[in-house]
Structures are given as C-alpha cells and as structure tokens.
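Q: Residue-level listing of the chains:
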Amino acid sequence: MMTLKELASREVLLSAGHTLCPGCSIPAILKLVLRATQYSLVISNTTGCLQKGTTHFPRSSWKLNWIHTAVGNAPATMSGITAVYRSLKKQGKLPVQKELKFLVIGGDRATYDSGFQSLSGALSRREDFVYLCYDNQMCADTGGQSSSATPIGASTTTTPAGEVLPGKLLSRKNICAVIAAHNVPYVAQSAPWIWKDLYRKAEKAFEVSGPAYLNVLSPCPNKWKIHTSKTIELAKLAADTCVWPIYEIKDGTDVTVNYKPRKKLPVTQWLKSQARFNHLLAQENKWIVDKIQEEVDKEWDLLLSLENKNQKKMRDN
Amino acid sequence: MRVMKVMDGNSAAAEAVKQVNPDVVVVHPITPATPIVEKIAAFVANGQMDTEIVDVESGYSAVSGCIGASAAGGRVFTASAAQGLVSMHEILYITASLRLPIVAGLVNRALAAPENIHTDHSDAMAERSCGWMQFFCENPQEAYDNLIQAYKVAEHMEVRTPAMVGMDAFLTSHSRENLYIEDAGEVDEFVGKFKPAFSLLDSENPVTVGSYASMDYYFEHKVNQLQGMEKARKVIKEVGREFGDRFGRYYGYFEAYKMDNANYAVVLMGSAAGTAKETVDQLRNQGEKVGLLKLRVFRPFPYQDLKETLSDLDAVAVLDRSFNPGTPGGPLCNEIKAALYEVPQKPLVFPYIYGLGGRDIKVNDFVEIFREIKEKSGKDEFIPGIKCIGLRE
Amino acid sequence: MSLKKWNELVPGGIILEAGNSVKNFTGMFRKGEKPEFNETTCINCFFCWVFCPDNAIIVENEKIKGINYDYCKGCGICVNECPVKNEQKPLVMVKEINEL
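Chains as they are written, first to last, in my numbering: chain B, 1 to 317; chain Y, 1 to 393; chain A, 1 to 100.
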C-alpha cells in the first residue's frame, strides 16, 4: 500500500522551476500520476497551461521523454510513438531494452473540444496509453474562455455574466460517459484532494492493457478567482456537493462510486466559493441554480443506480 | 534484380515504400492518393512488408502520427492529397520545425471549393512555406525514383527536413506506364538505415520536444531551421548523382529538355511536361529554337541554377497549375522572376495559368504559347499580363 | 545568463537537459508572504509535500524538514491543507519583506 512518505522517496519526474501559477493544482496531480508506475513514461502533451508552464525554452521541467506538437493531436502523435515502439520491439531494435508506458496529457479544452476527434480515434484503435485530462473547466491557458467542460452558469471571458446574460447557458459535456461508450477498459474521475484514490486509479490505468482515461478536476486559482491556497480544498468541496463525483467505470459499464460524502452539501455552497459563479446568487438567476442542482442530482443518482446494478450483478454471479 | 513493369504512379509509389521499408506507415484515405496506402496495407497483409500500419481518423491525425513515429526514432511514411494535405497545415509547419525527416507521397489535386479530384498543384503551393522539401514528378518512374531519393535526402544528418513527393492526380497516379523497379537489396543499400538524431523511446536520455519559445528565442529557432533546407540544395544534387551512378537515371533540380541554343522556353512542373516535350520536338523539327525546363525541385527553389539556365533566353513562358488570387503570376512564375531579377538582359517572363481542376492542355495549346511569346517578346515595352490557357472566355 | 545565438541551438529546438528548469528560481513569484515551518508540532502526514505545486517542501530521512524558498511561490496550500489543529501550527504564513 503506497504511503506519501514512500512516494516522497521516489525520483522527481517533474522538476521545480516551472512557471505554472502559484496554487496551480496540476503539479500535485502529476506528482501522483507520474509516479504510479514503475516503468519509464513517454509523454505526449497538448498545448495548454501545462505545456507552456513546464517547457519555456530553454528550460524544461520534464525529466521524462516528452513531446508537444499542437492542441488537437496529442493522442494521434502518441499513436505514432506506440507504433514505432511496437515495430522496433518486433525488430529487436529498441534504443533501451526496457518496457515503457505511454501517457497523453491534455487540458479540458484539448480533450473535450479541439482534440476530441484525435482522442476518439486513438481510443477506437485501442492504443495502449493512459489519457490524463486535467480539467479546470475552461480554456485557462488562453485567458479563461468557455470550453465544453465549462459548467452551466459559469462566467468566463466568452460567456461573461452581464446585464442581459447570466454566464454560460449550456451544460457541460459528460466526457466520462462518452469515453466509457468507447468501451475502453478503464475510465475514472478523480481529484487531487483524494490523493490515495487518484494514485490508485493512475496505477490501475497504467496496468490495464489498452486505453485508460483519467478525468481529474484541477481547480484554477487564477481563473476561478479563488485564493491560491484554496485549490485543493475546493476540489474536495466539489466532491462533497457531488458537482464532481469520484468514480470509476470498468469495461464501459461497471460503475463504482469511490467517495460518498457523509453529508451531501447543496450546490450553492460550491457556487458561493468562487467569483465565477457569484452572479448566480442574485434572485433572477435562481432558475440556473435550480437547474444546476437538478443536473448534479440526476448525475449522482444515475451513478449510484449504475453502481447498484453492478453490485447486484456481482452478487448474482 | 531490376525489372521492367507496367504500373500507375500510385503503385510505383507503393513499390518504392515497400523497398524503403519504413517502420510505420500512417494511413488515411483521400482520393486519389488512397491506392498508395491500400497497396501498402495489402503488402503488409500478405507479409511482403513488416511495417506497422496505423489507421487514423483524419489527414491531420495522419501527419501527427508521423511526427510521433519519427520522434520515437522510426522511419515513417504517409500519403495525402488536396483537402487532406491542407487540413494538415499547422502540423506540416511543426514537423519541419522539429526537423523530423518524414516523407509523404502527395497526389496533386485541386482544392475545394468547388470540390474537384483532378490534377492541380494548388495543394502543394498552399504548403510551399511550411518548411518541407517539395518534389514534382512527371510520370510513374519519377514517382518511384523520387520517393526513394527523398528518404536519403530527408534523413541526411545535415538536412533532416521532411519531404513531399508530388505526382499529378489521375494523370500520373492512375495512369499506367512502363518503368524500372530496381532490386530491393540495391535500394536498401542506397537509402541506408535511418539514424534518428534523438528518440522518445530512449529513457536514459530523455528529451523535451516542442517547447514554448518566447520573443527572446523564436527568431533564432527559425533561422536555425533554415539550415536544413539550405544544406538540402547540395545534398539533393549529390543524391541525384549517386542514384544515377547506381541505377542509371540521373536527377538534378530540373530537366532541361532541348534547352541548348533555345531562344524560347516553357517552364512547368508535373505531367504536362510530356505534352510539352512532344510540342518541343515538333517545333524543333520546324526549325524553331524552343525548349522545355521541367522543374523537379520546388523547395528548396534552385534560384542560382535556374538563373544560369534561363538568363540567355529571349522569352520564357512560366506555366502555373495553381490558383493564386491577388498576384500577377502563379508561385512558380513569381519565383522565376525573382531568380532572374539580377540578370541585366533578362528574358521576358510570360505568366500563364493552366490545367486547373484537371483541365487538359494539348500540343496545340503549347504551340500557341510558343508562338505568342515569340511574337510579343519582339515588341518593345510589352509587359506580359497573366493569361489562362484552356479557359472558356 | 547570456542568450544563445541562432547557430548555437540544437536543431529542432530540442531541449536535451532534462529537468533544467531547476535553474529558474521561482521563489521570486512570492508576493509579500511566505510559509514558515515549525518542526516541533509537525506530525509528518506529508500532505504539504503532496499538494505543494513547486516541490518546495524539503524532505529528509522521511521527515518534513522545511521550505525551499528558492522555488516556493507563496501560494499557501501547505498552510491551508495542514491538518494540525494545534495552536502552534507547523506551517503558518508570515509577511515577507523583499530585500532589493
């Protein structure tokens, strides 16, 4: 069983000195994910916060092989890498005789939107890689615009809350459901606060044969307009309000909910905690708050019922 | 053993790829380049190639897969045309900037809108600034020969620049001609083994590829990148000579057909050269001093050699088979003019646009072109404007 | 640090020195506040270590030893996540006056 002390004794794979914002939750996520396998990793990274913050020429924070090309093609780039790996392995010509694991990392814009075609293609090809999405619910790198991961009601620079419009009017895409529909071996949603769960899921993702997908909430202090010290705390609040449930899906349909809050808090707690939602507290926007609560409850109930169905199936077998 | 076969351009390209034997071929269909990858898939299915095939969801993903494969230390191939090629646009720049020696087969086809699947060089011209080397073929023999040479040039340690080898849609890709297919062992020896500059699979020497560079470094990166294309000038000639020494067919930047003592010439690229050569033969028999310059290498553009070959002519008709709004000549014409700029008694350059969307060009059209440039270049102060051949007006 | 000329760059802009961002002392990001560590009340839960975005929590012999101010950006996550409810918290934010 992994302990943080033991994890701290392992090699640093993402060096200090990167220019990610103070309080950014991405490095904590990577601290867990990168060390969740004993094998050397090869990383294909999309354009975004992580890429810019960690590879500002001539400096790189990556102590692993790492490539970035564009925002919409990291999974396709990885397909080429894994194909050469298979080819050179067959020919006995690998540069280093070691097994490698492959990790694609993208923000929510690159995953839900620009790179979705590429991701879907790579999943359909059953490429053997782990896809990690650090989800800050918007296009943070470019200044905080709306993406299809942005929840309804959020004020972003392209869906600003103003005199007439109350922020984004469309709900976010349920990416895990879409990925699960590709029938991949393992899909999981997690967050940095529940580090044990995130580590375990990353471990599992690297172990499965074929593609695995990790959707990890990554609160952004800069664009969510929260204090830099609150990012991890807010990730937990997301789970306690069931806005960001912690669960996993095996083989497309077997759902397990890994965290059930002792007391499920109302979404208003979540909305009050960040300036991007503050306009929703006005009376005329109550309908959006109700809609958000309705959507959160619907997703939560669905997850619980799928879990029950799964447990019943296991008991009956 | 060398054999003579009858094949279309796509099959010839697939043969070349089979003999070069890349580690990975990334596949996506686009008419009329699809048969190249279909034939390669058949070779693999029948055990004639042990390449890994990656079947991707778009042209954009195809070249992205090529980047990953090349950066992982593998030799790689893909094929595309028109919409497929231009949809790769941003990635083509990135491939060249990362100095990855990818080779792509390109079947030159018109760009939408309207949609058209026939010969046109607009796709290659749209990508002339992306940093890739560009070769143009007249026939299936050249498609085969140029693909083999492209690997040797692209993978040269001082070049390390990707290359696209273009052949005309249907006119070359689907038209069967005689050609020589060389011995596989000889081709293998000629091209040699791929020696990557780095590999993402080398866990003992991790590298960061594709960083962010700010105002303090971007300029230097781009000028550094130019070196690959500049070194290619010499290497293309060397490889063309070596190819000739080994296989008997010599290649340079262009073919100068009956250019000795010519006063007038047509400059063009691609399969129309066949018709142009036929015309030159006929006119020469009538005593006309005409010639054809068929350009093989568009990038790097061989300014110096073209200047030397064309500067003593009275007039040159430059035929562009691409659509370029807002400019007084097509890209080939404008670059020829640039090449001749310093020549004090330069030939008059006549810009023509022809063959868009597969519109045929005939011997009579070339006869008319030669007649026109001879007549009009005799007039003082005549400045040729752009003219369309074969357009209904 | 002098900037390289165009012909001194590795072709393709490849960065060969893995992890050389350690040469960036991001401690300069701090804006007037920094965490201070008191070993006596630390329970070595390592929460500060795992959540720190900048590898700025120093660990020696399986114990938290202090803060690496060369890289600490002063975000305050370590202080916020420290579970010790003791009055003398192992991690507190203090004002910092930058010497010019």
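If you're looking for bench data, these hints aren't it; they were derived computationally from the structure. Don't take each hint at face value.
Rough simulated footprint, nothing fancy, chain A against chain Y, three-plus residues with beta-carbon under 8 Å [to be verified]:
1) 26-33
2) 223-229
3) 289-297
Under the rule of at most 27 Å between Cα atoms (straight-line distance), these lysine-lysine pairs were calculated in the DSS-like manner [unchecked claim]:
4) K286(B) x K250(B)
5) K5(B) x K89(A)
6) K89(B) x K222(Y)
7) K34(A) x K52(B)
8) K63(A) x K63(B)
9) K222(Y) x K63(B)
10) K263(B) x K63(A)
11) K4(A) x K225(B)
12) K5(A) x K5(B)
13) K31(A) x K272(B)
14) K196(B) x K250(B)
15) K63(B) x K4(A)
16) K95(A) x K52(B)
17) K5(B) x K4(A)
18) K4(A) x K236(B)
19) K5(B) x K65(A)
20) K39(Y) x K90(B)
21) K90(B) x K234(Y)
22) K195(Y) x K101(B)
23) K225(B) x K63(A)
24) K225(B) x K31(A)
25) K52(B) x K31(A)
26) K23(A) x K63(B)
27) K85(A) x K264(B)
28) K5(A) x K196(B)
29) K5(A) x K236(B)
30) K63(A) x K272(B)
31) K234(Y) x K5(A)
32) K93(B) x K234(Y)
33) K93(B) x K222(Y)
34) K98(B) x K237(Y)
35) K5(B) x K31(A)
We treat Cβ as the ideally placed atom computed from N, Cα and C, and that holds for glycine.
Q: Which hints from the list above does the structure break, by number from lowest to highest?
A: 1, 3, 4, 6, 10, 11, 12, 16, 17, 18, 21, 23, 28, 29, 30, 32, 33, 34 and 35
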